[in-house]
Amino acid sequence: MIHAQQLTKRYGGSTAVDAIDFTVEAGRVTGFLGPNGAGKSTTMRMLLGLDAPSAGSVTVNRRAYGSGGAPLREIGALLEAGAVHPGRSARGHLRWMAASNAIPAARVDEVLDLVGLTDVADRRVGTFSLGMGQRLGIAAALLGDPGVVVLDEPVNGLDPEGIRWVRHLARRLADEGRTVFVSSHLMSEMALMADHLIVIGRGRILADTSMADFMTHHAASHVLVRTPQREQVTRLLADHGVEVTEAGPAVDPVLHVHAGDSAAVGDLVSAAGLTLHELTLVRSSLEDAFMTLTADAVEYHATTQPEGVPA
Amino acid sequence: MTAPQTLPTNPSLPTTPSPTPLAPAAVSARPGLGAALRAEWIKLTTVRSTWWSLFALVVVGAGLTVLLGAVNAEWLASPEADESPASFITWGMMLAPAVAVVLGTLVVTSEYGSGMIRSSFAAVPSRGRVMLAKSLLVAVVLFVVGTATAFLGYVGTNPFFEAEGIGLPLEGDVLRAMYGSGLYLAGLGVLAVAVGFLVRHTAGAISILLGTLFVIGPMVLLVPGAFGEWLDKLMPHNTGGALSMPVSFNPNLLEPWTGFAVFLAEVAAVVAVAAWSLRRRDA
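Chains A and B, in that order, give the protein sequences.
Its first residue numbered 1, the first sequence is counted upward by one per residue in our numbering.
Its first residue numbered 1001, the second sequence is counted upward by one per residue in our numbering.
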């Protein structure tokens, strides 16, 4: 379990992480989502004891990082940019890590096999592709068979097969009861991987919710209506307090009805004896929802007008 | 650089449980200095720069000594000679410090350059322990290789001197210069590790160290009077370096062991500042 309390990081005048509170529970994949520069990596560095918080604290299994036994057996991390010496072989890198935490050397070959790097284990890491570097980072994270796994932007540079593999790996680790904390700036990736979502923007937590709730609350939807009687339909819906906008090509526009229930719209229109050619519920993508949410954060900071920013 | 290679896919991976489950975190013992030393030893021996540095140390330290000894043996034995043969028997060890500095610096700054320092501190959260382990290993390696190199230079040079009737027995100041070379290089390695942690940048750290040893060092001779003489005595290449030479080229220096004690104090001061800063700064 990871627990942050009023965690704050300031660099000079700017605040990278602004008094955030969150808990990452065991047994599920928690996504840590935010645009670049939102404070994700800073938070993860504080979590690993690499950067000292300006205020507040973050603990792993209720202890500050490194205050327990062998740290790599408790928490494994894939760090940004690999954090590997380019002149060393993959095996050499894992060997020193294993030695530093008294992990049996045999485990090195196991994790190399686990991430599919056995064939290139003795090649210098500097010759690796981005995806192979990510796999090595994941091998390093799993080296100590830790109960808490932290992956910072794990799918960066991976091919589709690799992305799928990371997704399954995260799922399996969570199913084994581990705490899995995955950062990303890609909403679509989080939607497929995470059970729980913590959204960060400008150093503040914008949402801390289950993925299902996030989709219900933030993925706005509308009903697309195609009809030969646009004016009548628009007037009818407006009379019922439903907002309607015209969209699509000027020669054959469609109506965007800002309601979440396509059946209700259809019933209303047919009860009035009007004709429909198309009636479709369109759910906006999570990417859009994410953009809207983080755009709100920017607005919030710029105007100090809290408007629809969920805590 | 070879082209990125497509990785073999292994569809069975995600469902393969780890064959040897490790002990749960709660009962794992906290690894100590021994584990940190083993880790640093693996790091040191798995990069090419270490082997290149040590190879260069032997070539410069022993090779140049033999070369200059062979070329100058006849002159040293002649009545015109105004230098003693003993001052030539460790000649190459005057340049070996440059190599020791590069080795000690790279052990630290290569980690900052690649971002690996984060892996290091994540694996060993006690930063003082990481610094201690690196310093100890660099010191031991440089002492052993430095002493062996000085001895190799002696063994290679002395036959030329003996042929001219000016051979030197391996005793007294000559013997002291052998392990003195190792001790001086070990001290420089520790200094370079400390400067590496302070500066975190390979070019910056090496420039500062080589500048202090080889540029500012000789330049203080330009400072006039007793103040200049004392500055000259106290420059690290002079305080520590005297121990690595049977007879010094510079008559102004402190006694070898006195100088080395001052050198160790200078190194300790830099190490203390580096250790303090290491604890305070973000990685």
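Treat the hints as calculated values from the structure; they're not laboratory data.
A few of these clues could be false.
[Said to hold, decoys possible] Just a sample of chain B residues kept apart from chain A, beta carbon distances all over 10 angstroms, derived: (1) ALA1029; (2) ILE1042; (3) VAL1047; (4) ALA1056; (5) ALA1077; (6) LEU1175.
[Stated by the list, open to error] To be clear about the criterion: a stretch of chain A counts as covered by chain B if any three or more of its residues have a C-beta under 8 angstroms from a C-beta of chain B, and this derived list gives those stretches: (7) 94-106; (8) 249-263.
Nothing here was measured: the structure is a model prediction, and the numbers come from that model.
In this text, a Cβ means the ideal position worked out from N, Cα and C, and glycines have one as well.
Results for each hint:
1. With a least CB separation of 6 angstroms from chain A, B/ALA1029 falls inside the 10 angstroms interface cut-off, contrary to its annotation.
2. Here B/ILE1042 does not stay apart from chain A, with its beta-carbon only about 4 angstroms from theirs, under the 10 angstroms limit.
3. A beta-carbon of chain A is positioned within 10 angstroms of the beta-carbon of B/VAL1047; the least distance is around 5 angstroms.
4. A cut-off of 10 angstroms between C-beta atoms confirms that B/ALA1056 is not in contact with chain A; the least separation is 16 angstroms.
5. In this structure B/ALA1077 is separated from chain A by more than 10 angstroms, as the shortest Cβ-Cβ distance comes to about 47 angstroms.
6. No Cβ of chain A approaches the Cβ of B/LEU1175 within 10 angstroms, the least distance being about 37 angstroms, so the stated non-interface status holds.
7. Interface restraint, the stretch 94-106 of chain A with chain B: holds (10 residues with C-beta to C-beta distance below 8 angstroms; minimum three).
8. Residue count for the stretch 249-263 of chain A with a Cβ under 8 angstroms from a Cβ of chain B: 0. That is fewer than the three needed, and the coverage hint is violated.
Checked against the numbered hints listed earlier, the structure breaks hints 1, 2, 3, 8; every other hint is satisfied.
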